[in-house]
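Can you join these two chains into the complex? Each is in its own frame, and there are hints to help.
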Amino acid sequence: MGNERWTRRQFVGRAGKTAGGVVLGLSLADFLAACGTGTGTSSSGTGKLEIFSWWTGPGEKDGLAEMFRIYKNKYPNVTITNSAVAGGAGSTAKAVLATRMQGGRPPDSFQVHAGQELIASWVKANKMESITSIWNSEGWDSKIPKDLKDIVSSNGEVWSVPVNVHRGNALWYNKKLLDSKGVSPPETPEQLTSALSSLKAKGIASPLALASKGGNWQVQMLLENNILAAGGADFYKNVMSGKASFTDAKVVQALTWMKQWLPYANTDNSSIDWDEADNRLIAGTAVFHIMGDWAKGDFTSKNWVPNTDFGVVPSPGTKGKYMIVCDTFGLPKGAPDRDNAVGWLKVCGSQEGQAAFNPKKGSIPARTDVSPSGFDVIAQSFIAEFKTDTLVPSSAHGSATPPNFASAVNDEMGQFIQNKDVTKTASNLQKASDEFLKTA
Amino acid sequence: MATATAQPVILERLPRSRSLRLPPWEKLTPLLLIAPSVILIAVFVYGFIGATMRTSLVRWNSALPDYTFVGLHNYQRLFQLDRFQADLANTLHFTAIFLAGCIILGLGAAVLLDQRLRGTLFFQNVYMYPLALSFVVTGTVWRWILNPNSGVNVILGNLHLDFLKSGWLTDTHTALNSLGIAAVWQMSGFCMAMFLAGLRGIPEELREAARVDGANEWQLFWRITFPLLRPITLSAVIILGHISLKIFDLVYVMTFGGPGYATDMPSLYMWIATFQQFLYSRGAAIAIVLLLMVAILIVPYLVWNLRGETEQ
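Protein sequence lines correspond, in order, to chains A and B. According to the numbering used here, the first sequence is numbered sequentially starting from 2. According to the numbering used here, the second sequence is numbered sequentially starting from 5.
Next up, chain B with everything else stripped away, as it sits in the complex (with noise of 0.2 Å):
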C-alpha cells in the first residue's frame, strides 16, 4: 500500500522536471516510437471498421464489386429476415445460459477450492484445463457426447434413465442448451481462475472483524466476500459477454446453425452471407451490428476502468 501512494508523487514530479531539459528533437522520440503501432492499428483495426462499416452502406450483392450507396437499406432488410431476428434471439438467449453457467459453476468452484483443502491444486488445474482447448476441439467432442445415437444417451438408457434421454443438438428445443452445455463446459475454469484470484485478495482481516461481530458463513459470504468480488464478476461478465456474442467456431463445428435456425448466430449468418451468398454487404451489416453489440458490452466498462484508474 506504501509503494502504490508513493508512486503517483514520483511520476507527477517527473515529467514536468525533464520537460524544461528535453532538447526538442527528443520530445519527438515518444512519438516516433508509438507511430508504428498507432499507424498499424488505424490502418488494420479502425481503417478495415471503416470499410466494413462502407461496404455495409453499398450495394454489394454478388461477386463484382457494386459501390452504389444505398443508405440503410441493408439493415432495414437485415432486420426484416427471420433468420437475423432468430439470431438475435439467441444470441440473448445463449448469452443469458453461458453467463449463468460460468460464473455459478465458476464462483462455486473457487470457494470451494478456497478452503485450501488437500489438493486443491490439482482440481485447480483439472478445471483449468479446459481453457486451453480451442473451440473446434471442445465442439467436435461435445458433438459425439451429445450424439442422440451413440452419446450420453446410450449410458442414460444402460441406466434405466430413459427419461433423462433427449435429441440435444438436434432438437429445435434443445439445441441451444445443448450448445451451452458445451460453451460452459471450456469457459467456468476460466470463470473459476478469476473469482479464485478475487478470493484471495481479499483481506482475512475483514472477514475476521465480520465474524467478531456475529456474522455466520452464510451472512460472511453475502454481505463481506460477494460484494468485495463484484469488480472481478463485472470483469467475468464483460469478458464471457463479448466472447458469447461473437461466437462462431462452437456453432460452425456443433450444430451449423441447426436444425432450422435454432442455434444459428449473427457470427455464423455474417460468415455464409458473406463467403456462400456472395451477399457482401449484408455480410457487412451483419459485422456492424455485431460491432455495436459488443460496444455496448464494452465501452461502459473501459469507461468505469478508466475512471477508477484516474481516481486512484
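For reference, chain A alone in the conformation it holds in the complex (with noise of 0.2 Å):
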C-alpha cells in the first residue's frame, strides 16, 4: 500500500493550501476525486494513473503489462493501478465502467472497440473528452489509415486511439485434415458449401465448428462477414448505419449461406466458446472456423504451427477486405489524473507501444510504420493486407453500429440458428434496425 501512503501525504501537502479541513470528513473515493480535480496545476509525471480494460486473459494481459512498462520508463514515478476487469469480450467490465460513468467516477482512461461502442454511448452522452489535439500534436495521421481515424472520430472530432487491429473476417482451417481430404481451402461462399458437403461425405460429421456461447456473437460475426461478401463495403457501411435495409436481397443473400452452412456446423454450439470450436480443428472433429485472428493466439498457444497444421484465408467473398475489430483508449471528461492519462494516450499511439503490445495480443499494430519483423507469419501477411485492404468496422465488436443494436442482433442470431427461417431473421433485424440505429 506504498501508493495510498503516497498520496495522503500528496493530499496533506495539498490541504494546506485548500480547504483542506472540509475535505477531511470525506472518504477515501471522495478524497481521491477531489485529488483528480486539483491535479491541473500540478506538474504531470508525479501520481497515479488508473486504466480501466477487460485484458486479463493469457497474451493480452502480458501486452498490457509491456505498455505499463513503457509508461513507467517515461513517467517514473506515476502510480499505475491496473483496473483489469476479467469476463467474456468484456460484457462485465462494459457493466462496471457505466456504473462508474454515471457516478462520476471515471478511470483516467479505459479500454474500449473504436467507434460506435464509445461514439453512440459516452461521447453523445457528453462524457468524453476529444482528442483531435493529441492526435494532430503526435502527427498520427501520416501512421494510422485515413479509414481507422474515420471509424473512432465524429462531428470532425476524434474520440480515442486505436492501439491494435483484430481481423474479424478469418476462416482458420485445419491444413493437415483439409490436404488429406484433397480439399482446397475455399474463397467464395459457395466453394465453402460444397466444401462442408464433400467433407461431411468424407466423414466429418460437422466440418464446421460454431461456437455461440455468451450471446451469439460468434454468429453475429459471420453474419457480417457474409454481409461483407454479398454487399461489398459501402452496402456493409450503409446497411449498418441505418442508410440500407436489412431486407435487402443481399443481407437475404448472406442469411441464405448461414442457413446453407448450419447443416454441418456441431449442434452443440450454445455450450461451446470460440476457443472450445478452435479444439475441435485440433482434434480433427471439425476442419473450418469462422473466427477473428485471436483464433491464432489461441493455435500456437496450444502448439499449433501457422501454415503447417493451421492455415487461414479471408472468410468466404471478402478477400481484399478488412473486418476491424480494435480496441482503443480514450479520455473521460473528469479523469482524476489528467495529465497523466494523456501521456498513456500518446504511449498507446506511439510505434514503440503498439510495437510492444501487439506480438503479445496477436493482433497486428493500428499504426502502419511498425516494423513487422517482430511478428508470426500470419501477422506479418495480414500487416501488409491492412495497407492495401479495404477497412470496415465490424458490428459484432462495437466499431459499426452502437451497443443496443449489436445486442439486439446476438439475440436475433440465437434465434436464426434454431429457427433457419431468413426472411423471419432479415424482417427481424431490420425492426432492430429501425429501432437503435435510426436514432443514432
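One thing to keep in mind: the hints can contain errors.
In silico DSSO-like links for lysine-lysine, alpha-carbon gap of 27 Å or less [claimed, not checked]:
#1 A/Lys203 with B/Lys169
#2 A/Lys421 with B/Lys169
#3 A/Lys150 with A/Lys125
#4 A/Lys144 with A/Lys73
#5 B/Lys169 with A/Lys201
#6 A/Lys125 with A/Lys421
#7 A/Lys361 with A/Lys150
#8 A/Lys73 with A/Lys176
#9 A/Lys432 with A/Lys260
Simulated from the structure, these hints should not be mistaken for laboratory data.
Have a look at this one:
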C-alpha cells in the first residue's frame, strides 16, 4: 500500500493550500476525486494513473504489462493502477464502466472498441474529451490509416486512440486434414458450401466448428462477414448505419449462405465458446472455423504451427477487405489524473507502444510504420493486407453500430440458428435497425 | 401449550399499565430505536423501488440519462417483444418443474427419513449439503455434467443406453428441463428439511387415533399427515416460488439464456437490457414486472400469515 501513503502525503501538502479541513471528513473515494480536480495545476509525471480494461487473459495481459513498462520508463514517478475486469469479451467490464461513468468516477482512461461503442454511448452522453489535439500533435494522421481514423471520429473530432487491429473476417482451417481430404481452402461462400458437403461425405460429421456460447456474437460475426461478402464494403457500411435495409436481397443472400452452412455445424454450439471451437479443429472433428484472428494466438498457444498445422484465408467472399476489430483508449471528462492519462494515450499511439503490445496480443499495429519483423508469419501477411485492403468496422465488436443494436442482433442470431428462417430474421433485423440505428 | 395461552394475557396487560407511568420523552425511545432501520429501509428499499418505477416510465435508452416522461410506453414495447414473451413462458414452465420437483423429492425424502431408521441423520445431511452451495457452483458443475460430449452422455453411451442420450442444455426442447434438474438438485434438500420439521411436529396421538379407527398407512398419509403439512407446503411453495421467479445466476452460468431464447429469464434479460444494451428504462420496466410477479405470490401469503398471528 505504498501508493496510498504517497497520495496521503500529497494530499496533506495540498490540504494546506486549499480548504483541507472540509475534505478530511470525506471518504477515501471522495478524497481521490478531490485530488483529481486539483491535479490540473500540478506538474505531470507524478501521482497516479488508473487504466481500465478487460485484458486479463494470457497474451493480452502481457501486452498491457509491456505498455505499462514503457509508460513507467517515461514517467517513473507515476503509480499505475491496473483496473482490469475479467469476463467474456468485456461484458462485465462494460457494466462496471457504465456504473462508474454515471456515478461521476471515471477511470483515467479505459479500453473501448473503436467507433460506435464509444461514440453512440459516452461521446453522445457528453462524458468524453476530444483527443483531436493529441492526435494532431503526435502526427498520427500520417501513421494511422484514414479509414481507421474515420471509425474513431464523429463530427470532425477524434475520440480515442487505436492500439491494435484484429481481423474479424478470417476462415481458419486444419491444414493437414483439409489436404488429406483433397479439398482446397474455399474463397467464395459457394465453395465453402461445397467443401463442407464433400467433407461430410468423407466422414466428418460437422466440418464447420461453430460456437455461440455467451450471447451469439460468434454467429453475428458470420453474418457481418457474409453481408460484406454479398454486398461489398459500401453496402455493408450503409446497412450498418441504417441507410440500407436489412430486408435487402444482399442481406437475404448472406443469411441464406449461413442457413446452408448450419447443417454442417456442431449442434452443441450453445455450450461451447470460440476457443473450444478451435479445439474441434485441433482434434480433427471439424475442419473450418470462421473467427477473428485471436484464434491464431489460441492455436499457437496449443502448439499448433501456422501454415503447417493450420492455415487461414479471408472469410469466404471477403478477399481484399479487412473487418476491423479494434481496441482503443479514450479520455473521459473529469479523469482524476488527466495529464497522466494524456501521457498514457501517447504511449498507446506510439510506435514503441504498439510494437511491444501487438505481438503479445496477437493483433497487428494500428500504425503502418511498425516493423513487421517481430510478428509471426500470419500477422506479417495481415500487416501487408491491412495497408492495401478496404477497411470496414465490425458490428459484432462494437465499431460499426451502437451496443444496443449489436446486442439485439445477438438475440436475433440466437433465434436464427434455431429456426433458420431467413425472411423472418431479415425483417426482425430491420426492426432492430429501425429502433436503434435511425436515432443514432 | 400452557405457555402459549398464558402469554397474551401478560402482553395485554403490560402496555396499558406502563403507558400511564411513562414520562413523555420515554415514549420516544421505541421510535428512536426503530428509526435507523425504518429510515434505511425507506431509502434503500422503497426509495429505490420508487426510483426504478420512475426510470421505467421515462425514455432512458442510452448511456445518457433522459427523464422525458413516456408513460407506459416501455411496458407496451416490452410485452410486444418476442424475447420477453418467451421469458414469461419460460419462467412459468421453469417454476412449475422446479416446484413440482422440489416438493415431490423433498416430501419423499422427508417421509423416508422420518421412519427413524439407522443412518437417517447421515442422509439428512447429505441431502441438505447442496443448499450450502451457491447457484454459480451448482450451475458450473451441472454444465459439465450435462455437456453433450463429455458428461452424462458418455456414461449413457458406455452403458449402451444411447436412446437416453440428449442434447441437454444445447437442445431447445430439453434445455429448460435440464436447467430444472440442476435447480431441483440444489433446492430439494431444503424442501426436505422443511417437510421433516413439519412431520416431526405432527403429534403421534393423531396417527395413533387414526390407526385405532382402522386407517391403513396410505390413508394415514393422505388423510392425516398430508393435510397437516399444508402450512409447510405453502411456505415451501412461496419460498421456492420467489427463488424461481428471480432466478438469474444459474441461467447466467449454465446457458446464458440460450439456445435461442429457450432458457432466457426476465431477470437475465433485465441485466442484459440494462448493462449491455444500455436500455435503462426497459431494464427498469422488467424489474417492476418481476416485482409485481413476486408480489402476487408473496402478498397473499403475508396477509394469510399475519391473520394467523392475530388469531393466535
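Against the structure, the hints:
no.	hint	result
1	A/Lys203 with B/Lys169	holds, 25 Å
2	A/Lys421 with B/Lys169	holds, 24 Å
3	A/Lys150 with A/Lys125	holds, 18 Å
4	A/Lys144 with A/Lys73	holds, 24 Å
5	B/Lys169 with A/Lys201	holds, 23 Å
6	A/Lys125 with A/Lys421	violated, 36 Å
7	A/Lys361 with A/Lys150	holds, 24 Å
8	A/Lys73 with A/Lys176	violated, 43 Å
9	A/Lys432 with A/Lys260	holds, 21 Å
The structure is inconsistent with the numbered hints 6, 8, although it conforms to all the rest.
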